[in-house]
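Those protein sequences? They're chains A and B, same order as listed.
So that you can map any letter, position 145 of the first sequence is 145 in this note's numbering, and since no number is skipped, the others follow by simple counting.
So this note's numbering is basically just the index in the second sequence, starting at one, shifted up by 1000.
One or more of the hints may lead you astray.
[Said to hold, decoys possible] The calculated PhoX-like cross-link candidates involving lysine-lysine, where the alpha carbons are at most 20 Å apart (straight line), are:
no. : chain 1 : residue 1 : chain 2 : residue 2
1   : A       : Lys23     : B       : Lys1071
2   : B       : Lys1255   : A       : Lys23
3   : B       : Lys1053   : A       : Lys159
4   : A       : Lys23     : B       : Lys1074
5   : B       : Lys1255   : B       : Lys1204
6   : B       : Lys1321   : B       : Lys1171
7   : A       : Lys9      : B       : Lys1394
8   : A       : Lys159    : B       : Lys1052
9   : B       : Lys1349   : B       : Lys1321
10  : B       : Lys1249   : B       : Lys1057
11  : B       : Lys1028   : A       : Lys159
12  : A       : Lys159    : B       : Lys1044
13  : B       : Lys1321   : B       : Lys1420
14  : B       : Lys1074   : B       : Lys1044
15  : A       : Lys23     : B       : Lys1080
[Stated by the list, open to error] A few chain A positions that, by computed beta-carbon distances, are all more than 10 Å from chain B:
no. : residue
16  : Arg89
17  : Val106
18  : Lys159
It is worth saying that the hints were derived from the structure and are not from the lab.
Quick reminder that beta carbons are idealized off the backbone N, C-alpha and C, glycines included.
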Amino acid sequence: MKAKGAAHKFGDNVNTDDIIPAKFLNTTDPRELASHCMESLSADFAKNVKPGDIIVAGKHFGCGSSREHAPFSIKSAGVSCVIAETFARIFYRNSINIGLPILESVDAARGIEDGDEIEVDFKDGEIRNITTGKVYKSQKFPEFMQKLIAAGGLLNMLKMDNTR
Amino acid sequence: MPYTITEKILLAHSGKKAIAPDEFIDAKVDLALGNDITAPLAIKEFERLGAKKVFSKDKIALIPDHFTPNKDLKSANQCKILSEFAAKHRIRHYYEVGQMGIEHALLPELGLVLPGDLVIGADSHTCTYGALGAFSTGVGSTDLAAAMITGRCWFRVPKSMKFIYKGKLNKWVGGKDLILHTIGDIGVDGARYMAMEFTGDTIKSLCMDDRLAMCNMAIEAGAKNGVIEPDKITEDYVKSRWLLGISKKNKRKHKIYKSDKDAAYFDIREYNVAKMEPQVAAPHLPSNTKPVSAFKNVSVNQVVIGSCTNGRISDLRMTAKILKGKKVNSRVRVIVIPATQNIYLEALKEGLIETFLKAGAVVSTPTCGPCLGGHMGILGAGEIAIATTNRNFKGRMGDLESEIYLSNPAVAAASGIKGKIAHPDDVA
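With the sequences and hints as input, model every part of the structure.
The following block contains the structure:
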């Protein structure tokens, strides 16, 4: 499975209020949530992001609340993948649970600039910066996580387990 | 094999013979919790999967607390999803407005979480219940949906960090200050993925309300859970649940776990807190902590005393101690939010509500309200609040150009009187 798109660069400690402000949590509509994605940090992000684009961020991405609306709004906005130096734990598990691809790579997070064209190969965790020619390797997922990702999320895996 | 308290509780619920940090396990949950903003997503997924029934009608808690009493049409419809699901599946622990409270104050109060329990909640501050010697952690709506069906949840076993606190606390210094100081020391990702074990003589002297406040903010250091070993204070608290006339149907056996002497810790930190001043976290991170005396001329427009961190009876008593016979600054909105109906009633009986009103503060029904910028006290552009809440990210309580300082109730109340961030001694 591959992803390709432009990088949207953010800093450290991007929190869940940044990703989707709490005032929008009284809806579960994907289009509405997508339209407010990253609003506090970048008013134009939701308008400018193209399907396949990639978010690249620093340390502790997604810190704060457990709101699943955060990875859900990112996924609904068409973002194909989030690359960060490190992820906050609840955001990390939520992303895997709902099938939003995330990759941990300090070098990629630091090396990629806003607007760079990026290609990601999830099978071998390789991140290719087409603009600079640099190639990065991300942290390998533990086996259990690979299972979850391959199934397309927690509920899909549950469904598969039940139909066996 | 020596284990930490966290490892012991996870092991006991996993059905495995042994356990180690970084391992993935599948464990039985004693309680799965959701609220009016996280449960609707979980319920949607539950139904999309075609699930017909919940794993147990007694081990799920659905609490409408964030945007209630219904703050607008959308919130009303979200709450309807909760109440209808609860009715359909005969969920025992659904509490409507009138019985509900802020979830992390309500559940311990009702005796729904006991020592040795494994609790998951679709709310990041679910780590609060570690104060009771339980393993308790925040998860997402999909985790909640899966748990409501299977009664289980997957976990990566965390490494444990030990925090030892020594020394007798000064007047006005409590659990909130200890955790603010700790997060200030290690940073908002200083305990990322770890179990934070709070121990030492100082912790042993903390009342349960203060222990709950401390564990409540473990997530603000990135932790998986916060935990305090159960002791006599824990046992007395648990016993008192039944004596308060709270539903005996919630009574069940609990299990005491303690860390083994030679259990392995990733890191051990010691703090001597005898000289600690009340702490304040400045905008825009809970780790931006300094002693209150460092803030000389920070005017405030709003004070919020409440939340799952500091909305309990001890917090209201401390607030009343400061406000009694005084008046808040006429420019400042001081909003007090008792966290549950029982706490509100107790405060009423003790004359605290009268003290608040006479001082010019306002008192709200239990709600998370302003903490996450929902309702009951939003900040306008350029406004500054000091709050007993747990997060001060940019724009959290309102406009992106507003600012939030975090503190304990005594500092918040004193600041309400002075109109600027103040040490409680300044208004004594």
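For each hint, the structure was consulted:
1. Taking the CA atoms of A:Lys23 and B:Lys1071, the gap is near 11 Å; set against the 20 Å cutoff, the hint holds.
2. Restraint check for B:Lys1255 and A:Lys23: not satisfied, since their Cα atoms lie roughly 40 Å apart, outside the 20 Å limit.
3. The suggested pairing of B:Lys1053 with A:Lys159 holds, with an alpha-carbon distance near 15 Å, which does not exceed 20 Å.
4. Restraint check for A:Lys23 and B:Lys1074: the C-alpha separation of about 10 Å stays at or below 20 Å, so the hint holds.
5. For a cut-off of 20 Å, the pair hint linking B:Lys1255 to B:Lys1204 stands: about 19 Å separates their Cα positions.
6. Between B:Lys1321 and B:Lys1171 the CA atoms are separated by roughly 12 Å; this keeps the pair inside 20 Å, and the hint holds.
7. Among the hinted pairs, A:Lys9 with B:Lys1394 is consistent with the structure: their alpha-carbon atoms are about 19 Å apart, no more than 20 Å.
8. Restraint check for A:Lys159 and B:Lys1052: the C-alpha separation of about 13 Å stays at or below 20 Å, so the hint holds.
9. Annotation: proposed proximity of B:Lys1349 to B:Lys1321 holds, straight-line Cα distance about 15 Å (limit 20 Å).
10. This hinted pair checks out: B:Lys1249 and B:Lys1057 have alpha carbons roughly 13 Å apart, not beyond 20 Å.
11. Of the supplied pair hints, the one linking B:Lys1028 and A:Lys159 holds, its CA atoms being roughly 19 Å apart against a limit of 20 Å.
12. Using a Cα cut-off of 20 Å, the hinted pair A:Lys159 and B:Lys1044 holds, with the two alpha carbons roughly 15 Å apart.
13. A C-alpha spacing of about 18 Å is found between B:Lys1321 and B:Lys1420, which places the hinted pair at or below 20 Å, so the restraint holds.
14. Between B:Lys1074 and B:Lys1044 the CA atoms are separated by roughly 16 Å; this keeps the pair inside 20 Å, and the hint holds.
15. For the proposed pair A:Lys23 and B:Lys1080, the alpha carbon gap of about 18 Å is at most 20 Å, so the pair holds.
16. With a minimum CB-CB distance of about 5 Å to chain B, A:Arg89 fails to clear the 10 Å threshold, and the non-interface call is violated.
17. With a least CB separation of 13 Å from chain B, A:Val106 remains clear of the 10 Å interface cut-off, as annotated.
18. Not every CB of chain B lies more than 10 Å from the CB of A:Lys159, the least distance being 6 Å, so the non-interface label is violated.
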